[in-house]
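Peer 1: Please put together the full structure from these sequences, using the hints given.
Here the protein sequences come in this chain order: A and B.
With the numbering used here as the guide, the letters of the first sequence map in order to residues 1 to 114.
With the numbering used here as the guide, the letters of the second sequence map in order to residues 1 to 112.
One or more hints might be untrue.
Stated by the list, open to error - Derived pair list, reagent style SDA-like, types lysine to any residue, alpha-carbon separation capped at 20 Å:
{"id": "1", "chain 1": "B", "residue 1": "36", "chain 2": "A", "residue 2": "57"}
{"id": "2", "chain 1": "B", "residue 1": "107", "chain 2": "A", "residue 2": "38"}
{"id": "3", "chain 1": "B", "residue 1": "38", "chain 2": "A", "residue 2": "5"}
{"id": "4", "chain 1": "A", "residue 1": "57", "chain 2": "B", "residue 2": "57"}
{"id": "5", "chain 1": "B", "residue 1": "107", "chain 2": "A", "residue 2": "44"}
{"id": "6", "chain 1": "B", "residue 1": "38", "chain 2": "A", "residue 2": "112"}
{"id": "7", "chain 1": "B", "residue 1": "27", "chain 2": "A", "residue 2": "98"}
{"id": "8", "chain 1": "B", "residue 1": "27", "chain 2": "A", "residue 2": "100"}
{"id": "9", "chain 1": "B", "residue 1": "36", "chain 2": "A", "residue 2": "101"}
{"id": "10", "chain 1": "B", "residue 1": "36", "chain 2": "A", "residue 2": "44"}
{"id": "11", "chain 1": "B", "residue 1": "38", "chain 2": "A", "residue 2": "57"}
{"id": "12", "chain 1": "B", "residue 1": "38", "chain 2": "A", "residue 2": "38"}
{"id": "13", "chain 1": "B", "residue 1": "38", "chain 2": "A", "residue 2": "73"}
{"id": "14", "chain 1": "B", "residue 1": "38", "chain 2": "A", "residue 2": "98"}
{"id": "15", "chain 1": "B", "residue 1": "38", "chain 2": "A", "residue 2": "7"}
{"id": "16", "chain 1": "B", "residue 1": "17", "chain 2": "B", "residue 2": "78"}
{"id": "17", "chain 1": "B", "residue 1": "56", "chain 2": "A", "residue 2": "41"}
{"id": "18", "chain 1": "B", "residue 1": "111", "chain 2": "B", "residue 2": "18"}
{"id": "19", "chain 1": "B", "residue 1": "36", "chain 2": "A", "residue 2": "38"}
{"id": "20", "chain 1": "B", "residue 1": "36", "chain 2": "A", "residue 2": "112"}
{"id": "21", "chain 1": "B", "residue 1": "38", "chain 2": "A", "residue 2": "27"}
{"id": "22", "chain 1": "B", "residue 1": "38", "chain 2": "A", "residue 2": "44"}
{"id": "23", "chain 1": "B", "residue 1": "51", "chain 2": "A", "residue 2": "99"}
{"id": "24", "chain 1": "B", "residue 1": "36", "chain 2": "A", "residue 2": "42"}
{"id": "25", "chain 1": "B", "residue 1": "107", "chain 2": "A", "residue 2": "39"}
{"id": "26", "chain 1": "B", "residue 1": "38", "chain 2": "A", "residue 2": "3"}
{"id": "27", "chain 1": "B", "residue 1": "36", "chain 2": "A", "residue 2": "107"}
{"id": "28", "chain 1": "B", "residue 1": "51", "chain 2": "A", "residue 2": "101"}
To be clear, the hints were calculated from the coordinates, so they are not data collected in a lab.
Nothing here was measured: the structure is a model prediction, and the numbers come from that model.
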Amino acid sequence: KAGVTQTPRYLIKTRGQQVTLSCSPISGHRSVSWYQQTPGQGLQFLFEYFSETQRNKGNFPGRFSGRQFSNSRSEMNVSTLELGDSALYLCASSWAGGPQETQYFGPGTRLLVL
Amino acid sequence: SQELEQSPQSLIVQEGKNLTINCTSSKTLYGLYWYKQKYGEGLIFLMMLQKGGEEKSHEKITAKLDEKKQQSSLHITASQPSHAGIYLCGADSPGNFNKFYFGSGTKLNVKP
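Peer 2: Shown next as structure tokens:
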């Protein structure tokens with residue numbers, strides 16, 4: 001089985017722009033979660049999608065949004081980029097996002113905001 | 001919110017030495033996960049612990065869960081340069097199982 005894939009792997013944007021990141025989960029997995037990783041804050045939960053619905057959301061501003069398609073692929077969007085949005089964005093997939101269910105991570109998208 | 005505290009924050013060991021990384025939770029643990037990350041890359045799943053007293057091993061890495069202490073430990077025996085990386089513990093959020101929390105990570109360097 002192919003693992004979780006994320007595109008693009010690297011991205012450079014300027015302040016004020018918007019960006020869309022994509023995540024394809026492991027085949028059969030229906031839950032996709034997104035995380036932001038920075039040196040200062042570590043790994044923080046952004047949101048989780050299951051069956052095209054956002055089930056959970058972390059403490060991030062509304063500039064961060066996402067969606068999930070019927071094939072379980074997910075995208076996250078960040079509008080009006082700020083310098084502080086520079087980070088490694090990771091997505092993870094699991095079967096159904098249930099209790100004690102392992103999440104498998106993609107390689108991440110490194111976003112640099114100038 | 002649940003917090004996971006990892007110790008030590010960083011570790012440098014000589015190749016062949018054993019080491020232990022700890023992860024302590026501020027709340028009851030329902031599922032504890034260990035991941036390894038190479039710098040700037042994704043997380044590689046190592047193992048998951050579900051029950052108090054549970055112990056799992058994969059190659060030279062052993063993890064244990066002490067439910068009473070709300071703590072897990074990761075032990076590497078006879079460390080090798082390939083063990084170098086950042087080790088992260090993660091946990092399900094109580095009552096909110098699809099919301100993971102992670103510790104801040106332990107950076108491990110193994111000197112050949």
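Peer 1: None of the hints should be skipped; say for each whether it holds.
Peer 2: Cross-check of the supplied hints:
1. Between residue 36 (chain B) and residue 57 (chain A) the alpha-carbon distance is near 25 Å, which puts this suggested pair outside the 20 Å criterion.
2. Proposed proximity of residue 107 (chain B) and residue 38 (chain A) is supported: the alpha carbons are some 15 Å apart, at most 20 Å.
3. A threshold of 20 Å between alpha carbons decides the hint, and for residue 38 (chain B) with residue 5 (chain A) the separation of about 17 Å falls inside it, so the pair holds.
4. Only pairs whose Cα atoms come within 20 Å are accepted, and residue 57 (chain A) paired with residue 57 (chain B) is rejected, the gap being roughly 33 Å.
5. Proximity of residue 107 (chain B) to residue 44 (chain A) is assessed by CA-CA distance (about 18 Å); at most 20 Å being required, the pair is judged to hold.
6. Under the criterion of a C-alpha separation no larger than 20 Å, the hint pairing residue 38 (chain B) with residue 112 (chain A) is consistent with the structure, at around 19 Å.
7. A distance of roughly 19 Å separates the Cα atoms of residue 27 (chain B) and residue 98 (chain A); the hinted pair therefore holds under the 20 Å criterion.
8. Distance check on the hinted pair: residue 27 (chain B) and residue 100 (chain A) sit about 16 Å apart at the alpha-carbon level, within 20 Å; holds.
9. For the proposed pair residue 36 (chain B) and residue 101 (chain A), the alpha carbon gap of about 17 Å is at most 20 Å, so the pair holds.
10. Between residue 36 (chain B) and residue 44 (chain A) the CA atoms are separated by roughly 16 Å; this keeps the pair inside 20 Å, and the hint holds.
11. Restraint check: the Cα-Cα separation between residue 38 (chain B) and residue 57 (chain A) comes to about 27 Å, which exceeds 20 Å; the hinted pair is violated.
12. Distance hint between residue 38 (chain B) and residue 38 (chain A) is fulfilled; the C-alpha atoms sit about 14 Å from each other, no more than 20 Å.
13. With a C-alpha separation of about 25 Å, the suggested pairing of residue 38 (chain B) with residue 73 (chain A) is violated against the 20 Å cut-off.
14. Of the supplied pair hints, the one linking residue 38 (chain B) and residue 98 (chain A) is violated, its CA atoms being roughly 27 Å apart against a limit of 20 Å.
15. Pair hint residue 38 (chain B) plus residue 7 (chain A) holds up; C-alpha atoms about 19 Å apart against a cutoff of 20 Å.
16. With a C-alpha separation of about 5 Å, the suggested pair residue 17 (chain B) and residue 78 (chain B) falls inside the 20 Å cut-off, and the hint holds.
17. Restraint check for residue 56 (chain B) and residue 41 (chain A): not satisfied, since their Cα atoms lie roughly 29 Å apart, outside the 20 Å limit.
18. A threshold of 20 Å between alpha carbons decides the hint, and for residue 111 (chain B) with residue 18 (chain B) the separation of about 13 Å falls inside it, so the pair holds.
19. Only pairs whose Cα atoms come within 20 Å are accepted, and residue 36 (chain B) paired with residue 38 (chain A) is accepted, the gap being roughly 16 Å.
20. Simply put, residue 36 (chain B) and residue 112 (chain A) have alpha-carbon atoms about 23 Å apart, too far for the 20 Å limit, and the pair is violated.
21. Of the pairs offered as hints, the one joining residue 38 (chain B) and residue 27 (chain A) is violated, with about 24 Å between alpha carbons and a cut-off of 20 Å exceeded.
22. With a C-alpha separation of about 18 Å, the suggested pair residue 38 (chain B) and residue 44 (chain A) falls inside the 20 Å cut-off, and the hint holds.
23. At roughly 13 Å between alpha-carbon atoms, residue 51 (chain B) and residue 99 (chain A) fall within 20 Å of each other, so this suggested pair holds.
24. Note on residue 36 (chain B) and residue 42 (chain A): the hinted pairing holds, with a Cα-Cα distance of about 14 Å set against a maximum of 20 Å.
25. Taken as a hint, the residue 107 (chain B) and residue 39 (chain A) pair is honoured in the structure, with Cα atoms around 12 Å apart against an allowance of 20 Å.
26. Between residue 38 (chain B) and residue 3 (chain A), the direct Cα distance comes to roughly 17 Å. Compliance with the 20 Å bound is thereby established for this hinted pair.
27. The hinted pair formed by residue 36 (chain B) and residue 107 (chain A) meets the criterion: a straight-line CA distance of about 12 Å does not exceed 20 Å.
28. A C-alpha spacing of about 13 Å is found between residue 51 (chain B) and residue 101 (chain A), which places the hinted pair at or below 20 Å, so the restraint holds.
In this structure, the earlier hints numbered 1, 4, 11, 13, 14, 17, 20 and 21 are contradicted, and the remaining ones agree with it.
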